[in-house]
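Chains A and B supply the protein sequences, listed in that same order. Just so you know, the first sequence maps onto residues 1 to 616 in the UniProt record's numbering. Just so you know, the second sequence maps onto residues 1 to 616 in the UniProt record's numbering.
FYI, nobody ran anything at the bench for these hints, they're computed from the structure. Everything numeric in this text was worked out from a predicted model, so none of it was measured. Careful: at least some of the hints might be erroneous.
[To be verified] Okay, the calculated bits of chain A under chain B, using three or more residues with CB under 8 Å as the criterion: (1) 7 to 15; (2) 20 to 30.
[Unchecked claim] Between beta-carbon pairs, the in silico distance windows are: (3) A/A393 - B/T609: 28 to 38 Å; (4) B/P376 - A/E371: 56 to 66 Å; (5) B/V285 - A/D175: 23 to 33 Å; (6) B/P528 - A/L53: 49 to 59 Å.
[As the list claims (entries may be wrong)] Residues on chain A that point at chain B, a partial pick, calculated with CB under 8 Å: (7) M1; (8) L164; (9) D165; (10) P176; (11) I179; (12) P183; (13) E185; (14) F189; (15) L192; (16) F212; (17) D219; (18) S237; (19) Q247; (20) E249; (21) T253; (22) Q265.
Glycine included, C-beta positions come from ideal geometry on N, C-alpha and C.
Chain residues, written in single-letter form:
2 protein chains.
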Amino acid sequence: MRTSIATVSLSGTLTEKLTAAARAGFDGVEIFENDLLASPLTPREIRARCADLGLTVDLYQPMRDVEAVPAELFARNLRRARHKFGLMRELGADTVLVCSSVDPEAVDDDALAAAHLRELADLAQNFGIRVAYEALAWGRHVSTYDHAWRIVEAAGHPALGTCLDSFHILSRGSDPKGIEDIPGEKIFFLQLADAPLPAMDVLQWSRHHRCFPGQGGLDVAGLVRHVLRTGYAGPLSLEVFNDVFRQAEAAPTAVDARRSLLALQEEVSGAEGKRPSAPLTATPVLPAPVVPTGFAFAELVAADAEPLTGLLAALGFARTARHRSKPVDLWQQGEARILVNTGAVVRRDGAQLAAVGLESPDPGGAAGRAEALLAPVLPRRRAPEDAPLDAVAAPDGTELFFCDTRRDARHTDWRADFEDVGQAPAVPGVRRIDHLALTQPWHHFDEAALFHRSVLGLKAEESVDVADPYGLQRSRALSNADGTVRIVLTVGAAPTDDTVHAQHIAFATDDVVAAARRLRDAGAPLLPIPANYYDDLAARYEFTDGELETYRELGILYDRDEHGGNLRHCYTRTVGRVFFELIQRDGGHRGYGARNAPVRLAAQHAVRTASALGGG
Amino acid sequence: MRTSIATVSLSGTLTEKLTAAARAGFDGVEIFENDLLASPLTPREIRARCADLGLTVDLYQPMRDVEAVPAELFARNLRRARHKFGLMRELGADTVLVCSSVDPEAVDDDALAAAHLRELADLAQNFGIRVAYEALAWGRHVSTYDHAWRIVEAAGHPALGTCLDSFHILSRGSDPKGIEDIPGEKIFFLQLADAPLPAMDVLQWSRHHRCFPGQGGLDVAGLVRHVLRTGYAGPLSLEVFNDVFRQAEAAPTAVDARRSLLALQEEVSGAEGKRPSAPLTATPVLPAPVVPTGFAFAELVAADAEPLTGLLAALGFARTARHRSKPVDLWQQGEARILVNTGAVVRRDGAQLAAVGLESPDPGGAAGRAEALLAPVLPRRRAPEDAPLDAVAAPDGTELFFCDTRRDARHTDWRADFEDVGQAPAVPGVRRIDHLALTQPWHHFDEAALFHRSVLGLKAEESVDVADPYGLQRSRALSNADGTVRIVLTVGAAPTDDTVHAQHIAFATDDVVAAARRLRDAGAPLLPIPANYYDDLAARYEFTDGELETYRELGILYDRDEHGGNLRHCYTRTVGRVFFELIQRDGGHRGYGARNAPVRLAAQHAVRTASALGGG
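Between the sequences and the hints, there should be enough to build the whole structure, so can you do that?
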């Protein structure tokens with residue numbers, strides 16, 4: 001039989017994947033859409049590459065959330081499909097994978113699903129394309145292979161068949177014998193994967209994935225409250241089995257553990273409200289959280305300031321002040337302030353984000369809470385003449401300064417240490433720091449999230465996995481209530497891979513197009529985004545005349561949330577271990593463009609490879 | 001409230017864990033039994049250490065598989081408990097954790113469980129000890145906290161209470177509100193852990209843990225058979241999402257993937273038996289597996305032979321031959337043959353296992369199958385005058401030679417390349433190679449298992465996780481039907497940690513005590529095993545007079561399987577990246593002493609630390 005492999009099964013760029021598949025003797029490939037989007041090759045070039053390698057393109061995948069949705073949405077889905085079918089013809093792929101819908105708007109209506117799939121197959125047929133419909137194990141209404149087949153059978157269209165996937169079938173415990181009732185010619189494709197069974201086993205879950213309270217998803221505080229109501233007076237004891245803790249240094253893990261119990265006790269007491277039971281009154285009282293209200297500054301350290309300051313100048317920043325006693329410059333634009341420090345110890349691989357100034361309504365109180373939660377407190381005065389600053393170290397070593405930046409403050413304002421030297425920026429395009437992305441050391445991701453949540457009183461969103469060409473990156477956003485402080489914690493897939501996963505600073509702008517143009521005109525190249533990404537945007541959304549062309553020209557990424565909010569953002573090149581983002585939020589978009597991150601990460605890898613080769 | 005932490009939650013030696021817990025401000029600890037067993041400190045010394053650090057010993061844990069078993073087994077359990085209660089008094093621990101039984105012999109009889117626990121509590125009370133009974137989420141008959149409490153209540157003994165664990169309760173989806181029905185004074189202990197929810201989610205399972213067919217636990221071949229019976233004629237395509245493959249090199253992953261499909265097609269065809277359907281006849285035919293029948297030799301490479309050969313001599317090996325053209329010596333004892341090669345490229349960190357000679361009934365056929373399964377074939381002749389040898393490379397780079405060692409063979413015997421130089425060993429204590437343990441590079445564990453299974457036709461056992469002080473080691477044994485070829489694949493917990501997880505060669509002996517004595521008398525120290533391990537053996541099993549003392553004196557580890565088979569084994573010190581094991585199997589014991597591995601690993605870490613400090 002012929003053998004194929006999905007490009008998603010292999011690591012690297014699309015070109016690397018195709019070469020590896022051909023060398024191993026596969027006859028064909030499934031092209032995973034994200035691999036195509038991140039590739040600089042056009043669909044025609046990919047087709048030619050496959051032909052040169054002796055590979056057929058057996059499947060294009062996946063098309064998602066097509067069927068059994070409201071009419072207006074289905075019309076948009078057909079529009080998207082038409083784009084993709086055109087692309088598939090250029091790619092030389094004659095079969096497309098359609099996964100059963102997970103769209104919240106999808107309805108449980110097999111007849112509607114069949115009608116929509118029939119219409120889709122009709123369209124596909126015009127392009128010479130076949131549609132293979134597959135039940136995802138977690139499909140919203142269709143999650144088993146026999147259900148998917150009943151819908152295909154009901155649709156009764158020659159260009160519509162089913163795709164079987166061993167994982168989706170066997171992971172649900174479905175009996176595969178029923179497959180024999182499907183005519184072979186209606187099985188358009190067969191995807192194979194195995195999986196270790198213990199992943200679903202509570203013993204394995206316990207042995208490998210326990211974590212400290214507040215770092216997972218169980219309601220531990222609720223349980224403790226029930227226990228305390230019984231009059232239990234024994235200790236609260238942590239028993240955690242975890243592959244990470246088993247190999248992490250014991251001392252910081254123990255601190256992380258104690259912090260988790262302190263935060264847990266606070267949560268337990270707080271929810272008890274006015275009826276604290278006896279043991280709860282014995283709980284050590286933590287100072288209340290002092291939630292930061294904004295970013296005062298971000299501090300970059302570098303051996304050589306020039307590449308950074310050149311980029312800041314191109315972004316419209318001006319050097320407005322210099323520290324009285326240290327080689328630290330303040331660069332400012334709007335309310336965005338960047339300190340560039342050339343006097344600190346710097347890693348060999350260049351510039352990095354070393355400290356963050358957080359606006360605090362009560363800097364002393366904020367530091368007191370951090371100390372009570374076992375954060376290392378940094379010396380308050382750096383030099384005798386410096387303004388006192390309350391500061392602690394985050395688990396990743398980033399210094400957090402609690403500041404109170406007032407326009408007419410005296411000694412308490414950190415800016416008193418600075419002397420004015422420059423003028424205000426001519427064209428203020430950046431308003432303030434939108435968010436900071438802090439790369440965490442491998443193993444310290446959950447600890448960092450708990451730290452920022454408990455010490456700073458920020459709210460954490462769910463973790464998001466983002467595909468990088470060479471691994472998965474995990475990412476978790478924390479923010480205050482009005483979004484004036486946003487911190488994104490990221491961690492690479494492997495201990496060694498932190499080159500591309502650099503820290504970054506995102507600047508809020510009201511006109512990202514103008515800001516990007518200014519940057520480019522100042523000679524600072526933006527991160528180049530592949531053309532395939534914009535073709536996908538065209539399939540996905542409707543834009544006003546010229547809008548998409550502008551994004552394509554400048555390398556601006558686009559996202560729309562479920563409420564119609566828009567996000568437009570673009571990236572500078574990386575300097576040392578830091579890069580900058582320009583971000584424009586409209587219509588209340590609160591996200592970070594996670595869907596665009598794989599394309600951005602692939603583009604950063606491509607730039608790095610090109611530089612290594614002496615190009616780009 | 002007082003706070004505690006279980007030593008299992010932290011990494012390192014027991015001493016490191018206690019120090020870290022105290023510094024982080026915990027009031028007490030739970031002592032995990034395995035941490036005590038692996039510690040060179042006596043229970044009294046541990047108690048003193050805790051007191052010095054200001055820590056109380058709040059719990060000793062766990063006691064397993066005690067209750068609701070046949071009378072004779074329960075009598076043994078009480079004997080074991082008496083030993084442990086004595087130990088706990090020395091340790092200063094007044095509460096012991098008893099987990100609900102997972103013993104296959106345990107019966108579903110709450111009254112019997114209550115009676116046994118009452119008897120256990122009676123015994124405990126004599127020692128001033130309390131028994132805290134906890135429902136494991138995967139307990140055989142008792143898996144929920146309310147069930148455990150009903151049994152405790154029925155037992156009605158003042159020294160018996162329950163232990164609650166947030167993970168066991170919440171992971172089962174139990175309603176924690178019912179906890180409030182338990183009197184607080186009967187809750188003897190509260191263990192807290194959180195866990196990420198998605199570990200149980202099929203989407204996460206799919207996204208992170210798919211693997212190639214034959215590397216997991218799903219019956220992919222069975223499913224494919226059903227599909228082929230429909231007349232399906234499309235490709236077999238792999239769609240695998242996996243955190244490891246995302247970051248592994250694409251080329252070897254693609255080879256691994258193709259090998260998996262070749263093995264799958266063979267499995268599918270084979271099971272079809274005499275009724276191959278049309279597509280099955282188109283399956284590429286693999287040469288039949290040629291299962292090896294024994295070890296011909298193991299080849300060690302080293303820059304400096306002396307430390308290795310000194311150890312081999314102490315083990316009773318004699319240098320019996322030398323290669324005609326290369327700096328390779330043959331050391332032999334019984335049918336165990338070790339080649340020591342000082343002419344090859346060697347890693348800086350010293351001696352390593354580089355090649356394995358496998359006895360094969362058909363060396364050419366074995367190599368042909370390996371080649372068909374995409375194993376790199378090594379040049380057949382190393383020098384013009386050498387005997388032709390069929391050899392391939394395993395995924396970890398180990399060279400596998402297919403040999404036919406006959407007493408009176410000529411040119412086909414690999415020994416024809418060697419000239420006799422020495423005499424036979426004086427005291428043959430070692431009979432043959434029992435097994436080889438090959439440390440796999442991080443990421444290549446499943447690939448290696450599939451390789452050895454498909455290429456060599458060995459049967460694979462389940463993977464076993466073994467706790468090392470600084471991480472988990474995963475281990476999987478493969479063997480032929482009669483156990484004359486056994487290969488254990490191991491992988492460290494992290495990419496960097498392969499120092500201690502050295503390769504090793506285990507030699508079968510009929511009298512491990514005599515072999516160990518001879519080794520010691522020859523001046524080669526055995527790996528020292530902590531005294532606490534032997535105290536635990538005394539609690540666990542009955543021995544004949546003096547037997548345990550002999551093991552303790554020599555550092556011999558002991559294991560008994562469920563059929564009464566015995567395993568006795570001991571270890572040499574490590575040379576470079578290699579160490580040796582002496583192993584005696586009696587009564588059909590087929591295991592490798594996985595239960596002893598944590599103690600062995602901790603002892604190896606201790607030796608390494610002592611050498612680093614210039615000591616022992």
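Hint check:
Taking a C-beta to C-beta cut-off of 8 Å, the region 7 to 15 of chain A contributes 5 residues in contact with chain B, enough for the three needed, and the coverage statement holds. Taking a C-beta to C-beta cut-off of 8 Å, the region 20 to 30 of chain A contributes 9 residues in contact with chain B, enough for the three needed, and the coverage statement holds. Our hint of 28 to 38 Å for A/A393 and B/T609 holds, since their Cβ atoms are close to 29 Å apart. In this structure, B/P376 and A/E371 meet the distance hint of 56 to 66 Å, their C-beta atoms being roughly 59 Å apart.
A beta carbon spacing of about 30 Å between B/V285 and A/D175 agrees with the range 23 to 33 Å that was offered as a hint. Hint check: B/P528 to A/L53, Cβ distance near 57 Å, so the stated range 49 to 59 Å holds. A hinted interface residue such as A/M1 counts as satisfied when its beta carbon comes closer than 8 Å to some beta carbon of chain B; here the least separation is about 5 Å, so the hint holds. Satisfaction of the interface hint for A/L164 is found here, the shortest Cβ-Cβ separation to chain B being roughly 6 Å, below the 8 Å cut-off.
Evaluation of the A/D165 hint against chain B yields a held restraint, the C-beta minimum of about 7 Å falling below 8 Å. A cut of 8 Å between beta carbons decides the hint on A/P176: the least distance to chain B is about 4 Å, and the hint holds. Evaluation of the A/I179 hint against chain B yields a held restraint, the C-beta minimum of about 4 Å falling below 8 Å. The beta carbon of A/P183 is positioned within 8 Å of a beta carbon in chain B (closest approach about 6 Å), and the interface hint is therefore held.
Checking A/E185 against chain B: minimum C-beta separation of about 7 Å stays under 8 Å; hint holds. For A/F189, the shortest C-beta to C-beta distance to chain B is roughly 6 Å, which falls under 8 Å, so the interface hint holds. The closest approach between the C-beta of A/L192 and any C-beta of chain B is roughly 5 Å, which is under the 8 Å cut-off, so the hint is satisfied. About 6 Å separates the beta-carbon of A/F212 from the nearest beta-carbon of chain B, less than 8 Å, and the hint is met.
With a least beta-carbon distance of about 7 Å to chain B, the hint placing A/D219 at the interface is held under the 8 Å criterion. Because the closest C-beta pair between A/S237 and chain B is about 4 Å apart, less than 8 Å, the hint holds. Checking A/Q247 against chain B: minimum C-beta separation of about 4 Å stays under 8 Å; hint holds. The interface hint given for A/E249 is met, as the beta carbon of that residue sits about 7 Å from the closest beta carbon of chain B, less than 8 Å.
Here the hint on A/T253 is kept, as its CB sits about 6 Å from the closest CB of chain B, short of 8 Å. Interface restraint check for A/Q265: the shortest CB-CB distance to chain B comes to about 7 Å, inside 8 Å, so the restraint holds.
When the structure is compared with the earlier hints, no violation turns up for any of them.
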